[in-house]
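Undergrad: Chain W is fixed; fit chain G onto it per the hints.
Number of protein chains: 2
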Amino acid sequence: MPKLVDHDQRRTEIGSAALGVIASEGLDRLTVRKIAAASGWSTGVLAHYARDKDDMIALAVETMAQRFVARLQAIDATEVRERLRALLRELLPLDDERRTEALAWLRLAPYDPQGAGSADAVRQGHRDLRRAVVRVLDELGTASDSSTLAAELVALADGLAIHHLIDPRGVPRTKLEAVLDARLSQI
Amino acid sequence: MPKLVDHDQRRTEIGSAALGVIASEGLDRLTVRKIAAASGWSTGVLAHYARDKDDMIALAVETMAQRFVARLQAIDATEVRERLRALLRELLPLDDERRTEALAWLRLAPYDPQGAGSADAVRQGHRDLRRAVVRVLDELGTASDSSTLAAELVALADGLAIHHLIDPRGVPRTKLEAVLDARLSQI
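As they're listed, the protein sequences go chains W and G.
Each position in the first sequence, counted from 1, maps to that position plus 117 in this note's numbering.
Each position in the second sequence, counted from 1, maps to that position plus 117 in this note's numbering.
One chain only, chain W, in its complex shape:
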């Protein structure tokens, strides 16, 4: 009788390991061997989930998106303004999990396999995110152009994240929060 295997669980473990390697070493040094070492799964098992670098990157992006969506769903703020703030804070590297994601995202951003900008999944993730922000802004009802404001707020959060990664002392975490809150107080 074959062993029962939780494939979703494994995918997530392998995707998280890939995410960690991308964050710490970059796409060019991403190998099946390194993911095997980081995840504890053999290269034989890994072959069922990712055959080449593109597969590994896709798995990492999928895992990042799942983690992000799970955190968004866990936001229990009933107040619209508080929900908007919580949503945007999920983009900031305010703890180790979000720091790993921000760093991996930064390294994935210039990855352009089809010459259409970034990888499909990264591009799609951004569009989904802007739409989510538009919905919250429409609920809030104070913005005259929620599409433009959503593009602004997501760009601000991503820009702040990168500035912190580039210069953690010049732009500390408290500064990220202060800048975001100052902007949100005007909306």
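Treat each hint with caution, since some may be false.
Each pair may be met inside one copy or between any two copies, as identical chains are not told apart.
Claimed, not checked - Listed below are the simulated SDA-like cross-link pairs for lysine to any residue, each with C-alpha atoms no more than 25 Å apart in a straight line:
{"no.": "1", "residue 1": "Lys292", "residue 2": "Gly258"}
{"no.": "2", "residue 1": "Lys292", "residue 2": "Ser302"}
{"no.": "3", "residue 1": "Lys151", "residue 2": "Val239"}
{"no.": "4", "residue 1": "Lys292", "residue 2": "Ala238"}
{"no.": "5", "residue 1": "Lys292", "residue 2": "Asp262"}
Honestly, the hints are just simulated from the structure, not real lab data.
TA: Okay, now just chain G, sitting in the frame of chain W:
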């Protein structure tokens, strides 16, 4: 009699070539050979300007900073608000030169030789830029906290630049300009 050589001119040519290679291929594929091919100078001449990858990266960052400063100095807007707008627009990939710089910057951002965030020159460039924006905001005199607002505006511009690079159709150049102008109209 030795030939007269314009070393500054050569440095700039080699730095621009390095910048182009970083933008199009990334740090991992940056080699003296590729810079030689892109600049037209022999690897023998290149050896006087850059011995290893760190030297090439430093030269590229130096050239990017010089180009940026030259463009800032060329801004002839006497009106403070117009100067602020022009300064921030220099960060947006609105033409090929700025697109190359934004893409190279994006690839340089996670480059962390000393473990202190990004490369010194990239980090220092950001600090100088925020200070320049603070000075213009102080001149404008409408911000209650020009340091926080400067951090916000530079992060917004960099975030917008990246969103365009990731998804040029979803976030076209006209959108970058519209978002920036909408934000500036509130200051």
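Undergrad: Hint by hint, note whether the structure agrees.
TA: Going down the list of hints, with the structure as the test:
Within a single copy, Lys292 and Gly258 get their C-alpha atoms only as close as 28 Å, which misses the 25 Å cut-off; across copies the closest is 22 Å, which meets it. Taking identical chains as interchangeable, the C-alpha atoms of Lys292 and Ser302 lie at most 25 Å apart whether they share a chain (15 Å) or sit on different chains (24 Å). With identical chains, the CA atoms of Lys151 and Val239 are at most 25 Å apart within one copy only, with a shortest distance of 22 Å there and 29 Å across copies. Taking the shortest Cα distances, Lys292 and Ala238 sit within 25 Å of each other only across copies (21 Å), while inside one copy they are farther apart (30 Å).
In this assembly of identical chains, Lys292 and Asp262 lie within 25 Å of each other by CA distance solely across copies; the values are 13 Å between and 27 Å within a copy.
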